[in-house]
Amino acid sequence: MNTSPVDVFDKYTDAETLSKIVDYSTVGEMWAHSVATYPNNVAIDGAQRATFAQLDQMTAHFRTVLVQNGVQQGDRVGILMPNCLDFVKAFLAVTTLGAVAVLLPAHLDEATIFGCSMKFGLKALVYFEAFAPKLGLLANRNPACKQIAGTQSADVPTPCTQLEGTHPAAVLFTGGTTGRSKGALLSHQALMRGTKNGCYGIKDVFEQRYVLVLPLTHVFGLVRNLLTCLYTGSTLYLCQNNKDLFRDVAIFKPSIMILVPALAEMALNLSKQFGRNMWGDSMKTIICGAATVAPYLVKEYASFGITLLPGYGMTETANLVSGNAEASTNPESVGFVYPGMEWRVVDGELWLKGPNMMDGYVGDEEENKLSYCDGWFKTGDLVRFDDKGFLYITGRKKEVIVLPTGENVSPAEVENHFYAIDEVQDCLVYEQIYDDGTWSLVLEVLPRPAVVAKYPQEQVEAILKQKIAEVNAKLPSFEKINKVIVRTTDFVRSPSMKIVRGQNKQ
Amino acid sequence: MNRSEIESRLKDLLAVALGNKPQLQGVTSDSHLVNDLGLNSVGVLYLVIAIEEYFDIRFDDVGFGDFTTVGDVVDYVESKLQ
Numbered sequence: 001m002n003t004s005p006v007d008v009f010d011k012y013t014d015a016e017t018l019s020k021i022v023d024y025s026t027v028g029e030m031w032a033h034s035v036a037t038y039p040n041n042v043a044i045d046g047a048q049r050a051t052f053a054q055l056d057q058m059t060a061h062f063r064t065v066l067v068q069n070g071v072q073q074g075d076r077v078g079i080l081m082p083n084c085l086d087f088v089k090a091f092l093a094v095t096t097l098g099a100v101a102v103l104l105p106a107h108l109d110e111a112t113i114f115g116c117s118m119k120f121g122l123k124a125l126v127y128f129e130a131f132a133p134k135l136g137l138l139a140n141r142n143p144a145c146k147q148i149a150g151t152q153s154a155d156v157p158t159p160c161t162q163l164e165g166t167h168p169a170a171v172l173f174t175g176g177t178t179g180r181s182k183g184a185l186l187s188h189q190a191l192m193r194g195t196k197n198g199c200y201g202i203k204d205v206f207e208q209r210y211v212l213v214l215p216l217t218h219v220f221g222l223v224r225n226l227l228t229c230l231y232t233g234s235t236l237y238l239c240q241n242n243k244d245l246f247r248d249v250a251i252f253k254p255s256i257m258i259l260v261p262a263l264a265e266m267a268l269n270l271s272k273q274f275g276r277n278m279w280g281d282s283m284k285t286i287i288c289g290a291a292t293v294a295p296y297l298v299k300e301y302a303s304f305g306i307t308l309l310p311g312y313g314m315t316e317t318a319n320l321v322s323g324n325a326e327a328s329t330n331p332e333s334v335g336f337v338y339p340g341m342e343w344r345v346v347d348g349e350l351w352l353k354g355p356n357m358m359d360g361y362v363g364d365e366e367e368n369k370l371s372y373c374d375g376w377f378k379t380g381d382l383v384r385f386d387d388k389g390f391l392y393i394t395g396r397k398k399e400v401i402v403l404p405t406g407e408n409v410s411p412a413e414v415e416n417h418f419y420a421i422d423e424v425q426d427c428l429v430y431e432q433i434y435d436d437g438t439w440s441l442v443l444e445v446l447p448r449p450a451v452v453a454k455y456p457q458e459q460v461e462a463i464l465k466q467k468i469a470e471v472n473a474k475l476p477s478f479e480k481i482n483k484v485i486v487r488t489t490d491f492v493r494s495p496s497m498k499i500v501r502g503q504n505k506q
Numbered sequence: 507m508n509r510s511e512i513e514s515r516l517k518d519l520l521a522v523a524l525g526n527k528p529q530l531q532g533v534t535s536d537s538h539l540v541n542d543l544g545l546n547s548v549g550v551l552y553l554v555i556a557i558e559e560y561f562d563i564r565f566d567d568v569g570f571g572d573f574t575t576v577g578d579v580v581d582y583v584e585s586k587l588q
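Protein chains in written order, with our numbering: chain U, 1 to 506; chain S, 507 to 588.
Extracted from the complex, chain S is given alone in its bound form (with noise of 0.2 Å):
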């Protein structure tokens, strides 16, 4: 899986984590997941499990809290999946 299909995938799940919201109209690699994107806690959650159930990784000993930006992620997950 290359990194654009990485990045539509997650999309995918966000607009699920977020509902069909006007943010995800215009997100980048940049956007701030707090920031921009308005995910609580439990959204984050949310996201975490189901990147693991999509992707088949597991976290390793990173919380989600140190992932800034959607584009964090995205780098992350490529990493996993070498």
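Bound-form chain U, shown alone (with noise of 0.2 Å):
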């Protein structure tokens, strides 16, 4: 059993900045703290806005609608709704009043909310009004599951419900360590322990200015963009439109930004296309994970004045494990683990234990007994520490290869090779198994396009080739490549962009 120093992060923080970074024990124990010492800070902007002190008014006459509608401590509410002021303000009087959001991505359509009702056992569902046509099935079916419009109000407060920090919080959905989606259940100090370990490893990080590109219902954008945000007395700009973002830049100004790796490479590259730095002078630092970090990245942002710091995270860690502060000369780390946080490296699997862990799968049994081993998380990421304490995320468990030899090879750490290639924007190895029984490893890679794009087109692939064979001879025998494919075309990839493996084979 290892744990880091709870000095770690020290070091990368002033001392005064440093004293502000406390634990509480749940959501409403911050929000109280934030709403008395920022009231007049904006809290929200954009197309709605609030301060610390009149969201506070806001969620407590929320706090009442939901009583009305006999909600109450421990009951599970369903918020449906895309990123948008009522959103907040539903997700801080639910989790307040001791009822436990459980976040419906936007994007469900009409049978899987009625679904997710009867598995939650909703007692109430929180909706934004455009959705209202995909309850149908959900009223006709569930009626017991109260419809409650986001944007409703009362006329007297309610005020909030006295908490331990085990008490359940919220339900994010997950793929987890199988794939298969599940509810992961979230306690107030777990979203609280996850949120605080945003606030190490930046300078400044309170009273910053964010824009919020990522969906709230995704760890990454409720903890480290949303709740980091309410902790820190930071403000939150809630981006509309994602093709708008950079006009929003333009005006709102942000000094830190929260992005999947995908976003962040398109920025750079209208940067690049239009001669400036899109995110402008006020932008300082890229927090930057939920899929593996270029070290690419990590350098071309440096030449903007821009820290990008790699990440890592689960939605079962309430979304913080590990942060890098060190990415400038450190780039393929994620960093060291939070303070506060167990782990073991049992057959290379990261196994974790901490106050930011979830509470186990809602309603999954089985889920549960093969995630779980006399108490550790087995997260099913392959890993290293350095010397330092660094850690370097292999691969997935699940996702090793046993070759014909015997041998095991973990694809994600032969790519993480590849990905040093600054031509190489994405890969992916597999074994191929041929009807003689004979077998290669396979890496198809995607280009780089701003990089590529100075190359003649008819001399890309053998560039590319000649780079890879490069790489390729370093390596030991049993991950030494053997077919490379260069793609046309882009990868398959989920939602949040990352490559779904099997589904990729050209």
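No lab work stands behind these hints, which were simulated from the structure alone. It cannot be assumed that every hint is accurate.
The calculated SDA-like cross-link candidates involving lysine to any residue, where the alpha carbons are at most 25 Å apart (straight line), are [to be verified]:
{"no.": "1", "chain 1": "U", "residue 1": "Lys467", "chain 2": "U", "residue 2": "Ala420"}
{"no.": "2", "chain 1": "U", "residue 1": "Lys243", "chain 2": "S", "residue 2": "Asp518"}
{"no.": "3", "chain 1": "U", "residue 1": "Lys474", "chain 2": "U", "residue 2": "Glu461"}
{"no.": "4", "chain 1": "U", "residue 1": "Lys272", "chain 2": "S", "residue 2": "Ile563"}
{"no.": "5", "chain 1": "S", "residue 1": "Lys586", "chain 2": "U", "residue 2": "Gln240"}
{"no.": "6", "chain 1": "U", "residue 1": "Lys465", "chain 2": "U", "residue 2": "Lys398"}
{"no.": "7", "chain 1": "U", "residue 1": "Lys498", "chain 2": "S", "residue 2": "Val550"}
{"no.": "8", "chain 1": "U", "residue 1": "Lys119", "chain 2": "U", "residue 2": "Leu370"}
{"no.": "9", "chain 1": "S", "residue 1": "Lys517", "chain 2": "U", "residue 2": "Glu461"}
{"no.": "10", "chain 1": "S", "residue 1": "Lys517", "chain 2": "U", "residue 2": "Asn277"}
{"no.": "11", "chain 1": "U", "residue 1": "Lys243", "chain 2": "S", "residue 2": "Gly532"}
{"no.": "12", "chain 1": "U", "residue 1": "Lys467", "chain 2": "S", "residue 2": "Lys517"}
{"no.": "13", "chain 1": "S", "residue 1": "Lys517", "chain 2": "U", "residue 2": "Asp244"}
Footprint (simulated), chain S over chain U, 3 or more residues, beta carbon under 8 Å [unchecked claim]:
{"no.": "14", "region": "236-248"}
{"no.": "15", "region": "365-372"}
{"no.": "16", "region": "441-454"}
From the derived model, a few chain S residues whose C-beta atoms are all more than 12 Å from chain U [claimed, not checked]:
{"no.": "17", "residue": "Ser514"}
{"no.": "18", "residue": "Val522"}
{"no.": "19", "residue": "Ser547"}
{"no.": "20", "residue": "Gln588"}
Since this is a predicted model, take the numbers as computed values, not measurements. A virtual CB, placed ideally from N, CA and C, is assigned to each residue, including glycine.
Join the two chains, each given in its own frame, into one complex according to the hints.
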């Protein structure tokens, strides 16, 4: 069993800032402190605007709406809304009343919404009015689930409920370690520890300016974006349409962005295309995660004066497990594990315990049995630590290829070698077995447009294969690639832009 | 800006979105944005932002999913510039 030193991130933050990074046991406790400390700071900006004090009032009145609809402590309440002020209000109201917020992705169809209401035993559903046409089946077949428009309010406020940190707060959807959709149950203390972790490793983290482009139903959007903003007295600008992102950025002038690598890359290409930093001079830091962060992005953003910090986390860990505050010198790592987490590495797999861990998958005993061992959560991620304590993700346990030679190959670990090539945007390694029993380790690569554009088109594949051959020559024999395919179309990807293994063999 | 100039500039923007790919050599007005050129959702977002920025136009309520071919995009940009 290992833990990080409690002061592992202290050197990246000044003493005054550090003194404000404290533990809260519940969302309500954190929220009360923030409202008292930053009442006139703008909490939510964009099409709708509210200060911390105004949002607190709206939340208190919406708690009354929930009570009027019969919602009590411990009940589960679905939230079906896009990113908007009413989402934030509803989330705060549900959790501070002591009910459990089940965050339903906005794209769910009518049958799935009904199915979720049954699976999670929803007492009520708070919905975005434009989604009302998707609620007919729910109304007909589960009338006990009260439907509450997110715009509702009441004449009088209802106070927060006093809760323990172990009280359940939210259910978030995740593919988890097996890829099947599940609901991870997160307690108040898990959300608050995840939120606190998001404050480490950045010099200026209080009273900052963020633009939100990730969905609030995703743990990266909810914890590292929304809750960290609320915790730090920062302002969160809600981008209504991603195509307007850089207009919003020009007006709002954010200082920090939370991005998945694909969006960080897109912004980089636009900056090169138009010869100016699309993020503007106010942008200092990009927190990047939810998929593999290519070292190339760290280097390129540094040339714009922006620090891009890779991190690692999961829905099951309330987002944040580790963060890399030294990305400029060590861009391949996902950094140090945050204080308070306990970890073991068992057969290469990272096992975790700690206050930010989920309390299991809701109603999924089979999945819970597979995911835990003696109280340790088995992440499914294959990792290594270097002698300084930097964590590296080397692959996924379930993806390990057992070669006919009996040797185990982690495709992600092999792919990481090729991600070091600037001309490689994305790559995928898999095993191909032929009818005659022979086999190949295949590497498919997607060229990085902005880099290969400088080569004559007819030479791109040859140049790429030459660079791949140079990397391949240095690999141990069992990891060597036998076949290279240079793709001309993108990989099949998940909604969060991850490459979907098993659906991408050309 | 005439139609051929719009198409030419659009191909330049596509080149960055897609890289210097073989598909771009034979690209025509009839080329399908997804099936022929392989644009993914982030590539589409890139192209929408780049078109708005370069041509100084705003897409209305239409989404990029409303366009099937390169020619559809050229038609739209041309109509917005008039």
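Quick rundown of the hints versus the structure:
Annotation: proposed proximity of lysine 467 of chain U to alanine 420 of chain U holds, straight-line Cα distance about 10 Å (limit 25 Å). At roughly 19 Å between alpha-carbon atoms, lysine 243 of chain U and aspartate 518 of chain S fall within 25 Å of each other, so this suggested pair holds. Distance restraint check for lysine 474 of chain U and glutamate 461 of chain U: the Cα-Cα separation of roughly 20 Å lies within the 25 Å cut-off, and the hinted pair is therefore satisfied. Distance restraint check for lysine 272 of chain U and isoleucine 563 of chain S: the Cα-Cα separation of roughly 20 Å lies within the 25 Å cut-off, and the hinted pair is therefore satisfied.
For a cut-off of 25 Å, the pair hint linking lysine 586 of chain S to glutamine 240 of chain U stands: about 22 Å separates their Cα positions. The suggested pairing of lysine 465 of chain U with lysine 398 of chain U is violated, with an alpha-carbon distance near 29 Å, which exceeds 25 Å. For the hint linking lysine 498 of chain U to valine 550 of chain S, the alpha-carbon distance of about 17 Å falls within 25 Å, and the restraint holds. The straight-line distance between the Cα atoms of lysine 119 of chain U and leucine 370 of chain U is roughly 20 Å, inside the 25 Å bound, and the hint therefore holds.
At roughly 21 Å between alpha-carbon atoms, lysine 517 of chain S and glutamate 461 of chain U fall within 25 Å of each other, so this suggested pair holds. The straight-line distance between the Cα atoms of lysine 517 of chain S and asparagine 277 of chain U is roughly 23 Å, inside the 25 Å bound, and the hint therefore holds. Of the pairs offered as hints, the one joining lysine 243 of chain U and glycine 532 of chain S is violated, with about 28 Å between alpha carbons and a cut-off of 25 Å exceeded. For the given pair, lysine 467 of chain U sits about 28 Å from lysine 517 of chain S by alpha-carbon distance, which is inconsistent with the 25 Å threshold.
Distance check on the hinted pair: lysine 517 of chain S and aspartate 244 of chain U sit about 22 Å apart at the alpha-carbon level, within 25 Å; holds. Given a C-beta distance limit of less than 8 Å, the hint that chain S covers the region 236-248 of chain U holds, as 4 residues qualify and 3 suffice. Evaluation of the coverage hint for the region 365-372 of chain U: breached, as 0 residues show C-beta separations to chain S shorter than 8 Å, against a requirement of three. Counting residues of the region 441-454 of chain U whose CB lies closer than 8 Å to any CB of chain S gives 6, so the stated coverage by that chain holds, three being the minimum.
The beta carbon of serine 514 of chain S sits about 15 Å from the closest Cβ of chain U, which is more than 12 Å, so the claim that it is off the interface holds. Distance check on valine 522 of chain S: its Cβ comes as close as 5 Å (rounded) to a Cβ of chain U, failing to clear the 12 Å threshold; non-interface status is violated. Consistency note on serine 547 of chain S: stated as away from chain U, yet its beta-carbon is not over 12 Å from all of that chain's, at 8 Å minimum. The Cβ of glutamine 588 of chain S lies farther than 12 Å from every Cβ of chain U, with a closest approach of about 22 Å, so its non-interface assignment holds.
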